[in-house]
Amino acid sequence: MKDGENRTDEIKDEKRNAGSHIGSVMLMDAMGDIDEDLLKGADRFRGGKRKKKVKAGYIALPLAGVAVLALAIVTVGKMGMLMPKGAAESAMVDGAYMNEACDEAAIDSGFETDSFMEEVCEAEPAVTEEADLGTVSGDDIKALAQYTGNVDEAYDWPYYTYFEGIDIDSDGKTDHIYRKYDAQNDTAKYSLNLGNGNVVEIVETYSYALPYIVVGDECGYEKDDLVFRLTYDSEKYPAKAADEIYVISHIQGDEYTVW
Amino acid sequence: MEDRAIVDLYWARDEKAIKETESKYSKYLSTIAYNIVTDIMDAQECLNDTYLHAWNAMPEDRPEMLSTYLGKFTRNIAIDLYRKKTASKRKASEYTLSLDELDECISGGNNVEETVDRSLLSKAISDFLRRRSEEKRNIFICRYFYCDSAKDIASKAGMKESSVRSILMRERDALKAYLRKEGFEV
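Order-wise, the sequence lines are chains A and B. Throughout the first sequence, residue numbering follows this note's numbering, covering -17 to 241 in sequence. Throughout the second sequence, residue numbering follows this note's numbering, covering 35 to 220 in sequence.
One or more of the hints may lead you astray.
Said to hold, decoys possible - Okay, derived cross-link-like pairs now, SDA-like style, lysine to any residue, Cα gap no bigger than 20 Å in a straight line:
#1 Lys106/B / Gly23/A
#2 Lys170/B / Arg26/A
#3 Lys106/B / Ser156/B
#4 Lys185/B / Tyr163/A
Derived by calculation from the structure, the hints in this document are not laboratory data.
Chain A on its own, in the form it takes in the complex:
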C-alpha cells in the first residue's frame, strides 16, 4: 500500500516537474481513451439501446396520497375548468361533422391555441380503426417521447391497458388521452378528449416525462377519475422522480377539475 502511494506521488511529481500543461485538444484526445465500461452506460443513455423499464409500482398511487388528493378536490370543488359546449354528439360521426364540432369547440374553449384543439378532435376518427402504431415501439422510448396521437391507442405505451376504453363522463362515448409532441421545444401536451368534442387540457411537459395513468373512483364519488402521473425517470431520487400528479374529475355536466 505504501509503495502504491509513493508511486502515485512520484507520478504527480513527474507531471509537475515536466511543467505539463494540458490543452483542450489533449483533453479531447484523452477522452477518446476513457474506459469502455463508462461508454456502455453513456450508450444506453444516448437512446439507441436505452431501455427504461417502467416500474409497476408507479401505476398504483399510494392510498394515502390519493386520500389527500381526494380531500383537496372536495375543497376546490367548483374551481372546475372547462368545458366547451355544443360539440359533437358522437365520436363515430363522419369527418365533416366532426370538423364542425371541433371548430365550435375550439371557439368556446379558451385554450392556448385553437389549432391544438383541432388536432385533439381530429385524432378521434382514428378510434374506429386499428391505430397506426408503426412508429411506436415499447423498446424505443424515443419513439414514445415523440409520439403524437391518442396514447391509449399506442399499444406499446407502458400500461396503456389501464386507461383503454375509459369513459370519465359516463356519456357512453370512449374518452382518450391525446398527446401532441412539439419537436421544436421538445415538449408534449396532454389532454383528455371526452369523445363528444369536449377536451380537458391536462399539462404540457418535457417529451420524455412519460405519464403513468390510472382510472378509477379515486375520490369516492362513484365516478371514475383519471389520475395522471408524470414521472421523470432520469431522477434517481424517488421524491423527484414522481413529482407531478394530476387528478381529473368530473363534477357535473361539462364541469371538470384538474387538480
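Add chain B to chain A, keeping to what the hints say.
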C-alpha cells in the same frame, strides 16, 4: 446479429462481418462521425475507415461490446480527418464547440499539450468520471466523447438545454480541480 457472432465473423476473416457491422452500427457510428466532421461524405469516409480498422484489429482483439469498440475508432478517425481538413481554418462543429468549452477551464493552451502522457490523462479522466453521478457522467461523456449537442443531450435526459449546459460547466470545473489534485497542470 449478436455482437459475439459478428466478432466471430471478423475472426473467421469472413467479409460478411463488415456487412453485418454496417447493418447494425452504421447509424450509431455515422452520428459520432457527423458530430465531429459535419459532412456526410466525410462521415461516410470515417465509417469505411472504421470498418477497415476493425477488420485489421479484430483477429487480436475480441471486444465485449462492439458498439463502444467501434465508436472509439470512429471518433479518433473523425477527429484526425477533421484536423486534416481544417488545418488552416476552423470549421464549426460540435467538436470545435467542445474544444472551446474545454479551453475555458484550461489555462495551458494547446501548444504544449504533447508533454502529457495521454494514457495517464485518460486514466485520470476515467477515474474522475467514476466518481460522478451516473447522470452527470453520461452527460459529460455524451458531450466530450460523442460530441453530442447540448440540445440533443437535454432531449435524452428530459432536461432543459440550459440545465445541461450548467451541469457541463460544473463538471468541467470539477474535472479541472481533480486533474490539478492529481498533479496535472491545467
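Checked hints:
1. Lys106/B / Gly23/A: 15 Å, holds
2. Lys170/B / Arg26/A: Holds. Lysine 170/B to arginine 26/A sits at ~14 Å (cutoff 20 Å).
3. Lys106/B / Ser156/B: Holds - the C-alpha atoms of serine 156/B and lysine 106/B are around 13 Å apart, at most 20 Å.
4. Lys185/B / Tyr163/A: Holds. Lysine 185/B to tyrosine 163/A sits at ~16 Å (cutoff 20 Å).
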